[in-house]
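Chain residues, written in single-letter form:
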Amino acid sequence: GAGVSQTPSNKVTEKGKYVELRCDPISGHTALYWYRQSLGQGPEFLIYFQGTGAADDSGLPNDRFFAVRPEGSVSTLKIQRTERGDSAVYLCASSLAPNTEAFFGQGTRLTVV
Amino acid sequence: DQQVKQNSPSLSVQEGRISILNCDYTNSMFDYFLWYKKYPAEGPTFLISISSIKDKNEDGRFTVFLNKSAKHLSLHIVPSQPGDSAVYFCAASETGNFGNEKLTFGTGTRLTIIP
Numbered sequence: 001g002a003g004v005s006q007t008p009s010n011k012v013t014e015k016g017k018y019v020e021l022r023c024d025p026i027s028g029h030t031a032l033y034w035y036r037q038s039l040g041q042g043p044e045f046l047i048y049f050q051g052t053g054a055a056d057d058s059g060l061p062n063d064r065f066f067a068v069r070p071e072g073s074v075s076t077l078k079i080q081r082t083e084r085g086d087s088a089v090y091l092c093a094s095s096l097a098p099n100t101e102a103f104f105g106q107g108t109r110l111t112v113v
Numbered sequence: 001d002q003q004v005k006q007n008s009p010s011l012s013v014q015e016g017r018i019s020i021l022n023c024d025y026t027n028s029m030f031d032y033f034l035w036y037k038k039y040p041a042e043g044p045t046f047l048i049s050i051s052s053i054k055d056k057n058e059d060g061r062f063t064v065f066l067n068k069s070a071k072h073l074s075l076h077i078v079p080s081q082p083g084d085s086a087v088y089f090c091a092a093s094e095t096g097n098f099g100n101e102k103l104t105f106g107t108g109t110r111l112t113i114i115p
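Just so you know, the protein sequences line up as chains A and B, in that order. As numbered in our numbering, residues 1 to 113 make up the first sequence, in order. As numbered in our numbering, residues 1 to 115 make up the second sequence, in order.
Hints may contain errors.
When the alpha-carbon atoms are kept at most 27 Å apart in a straight line, the in silico DSSO-like pairs for lysine-lysine are as follows [claimed, not checked]:
(1) Lys11(A) - Lys68(B)
(2) Lys54(B) - Lys5(B)
(3) Lys71(B) - Lys5(B)
(4) Lys54(B) - Lys78(A)
(5) Lys54(B) - Lys71(B)
(6) Lys5(B) - Lys102(B)
Pair ranges (Cβ atoms, derived) [stated by the list, open to error]:
(7) Pro82(B) - Val68(A): 29 to 37 Å
(8) Arg61(B) - Ser58(A): 35 to 43 Å
(9) Glu71(A) - Gln14(B): 26 to 34 Å
(10) Glu42(B) - Val74(A): 32 to 40 Å
(11) Glu42(B) - Thr100(A): 38 to 46 Å
Pulled from the structure, derived: some chain A residues nowhere near chain B, Cβ distances all over 10 Å [to be verified]:
(12) Val4
(13) Gln41
(14) Glu44
(15) Ser58
(16) Phe66
(17) Arg81
(18) Ser87
(19) Leu91
(20) Gln106
Hints are computed from structural coordinates only; laboratory data are not their basis. Note that this is a predicted model, so its numbers are computed, not measured. C-beta atoms are modelled at their ideal positions from N, C-alpha and C, and glycine is treated no differently.
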């Protein structure tokens, strides 16, 4: 596709369960970012990949959160033992290179009940 | 602590008039600033940016002004159009070795253009 694609668009899960959120960046974009947007807040940085490696994971809130990008394209954000406070919209963005415009996907709305 | 602040959660402007959205920041290491526009159920879309070496950047109806001494920036939209109704986020970054990849966002201002 032409843009950043995130699946699923909505995910409802029970407290304590494990979830995976997927991001397909724009083809050829080497940089990929995950952000989290809670209700009434702006997006909050989680992690940044340059190629396959996480160049900056300082925004991950705790060790229940993990993200991978094994082939330098698709990325998966993994959340273990979900808590109600994890409920938010998870946004993925990609850019051709660092220091260039980042394009966002539509987000995955995660609801933990 | 909120390093990027948008103190007006909402703003209503008559169509054709000027919309002015404000943003303040506290981190003096920020040197690159961006505005994003967001419609419901969509991701943010880049609008305009400015480097700290400039005090103004213009792109069509959109102009961003930066006042470094006051740690303040503003986005001017003129003339405002109904399609401009959206939530606007101010964002900032430090352009270190890896560029501007880590953005710090404000909480957003919902702009409503009244026909």
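- Which numbered hints does this structure break? 1, 4, 7, 9, 10, 11, 12, 13, 14, 15, 19 and 20
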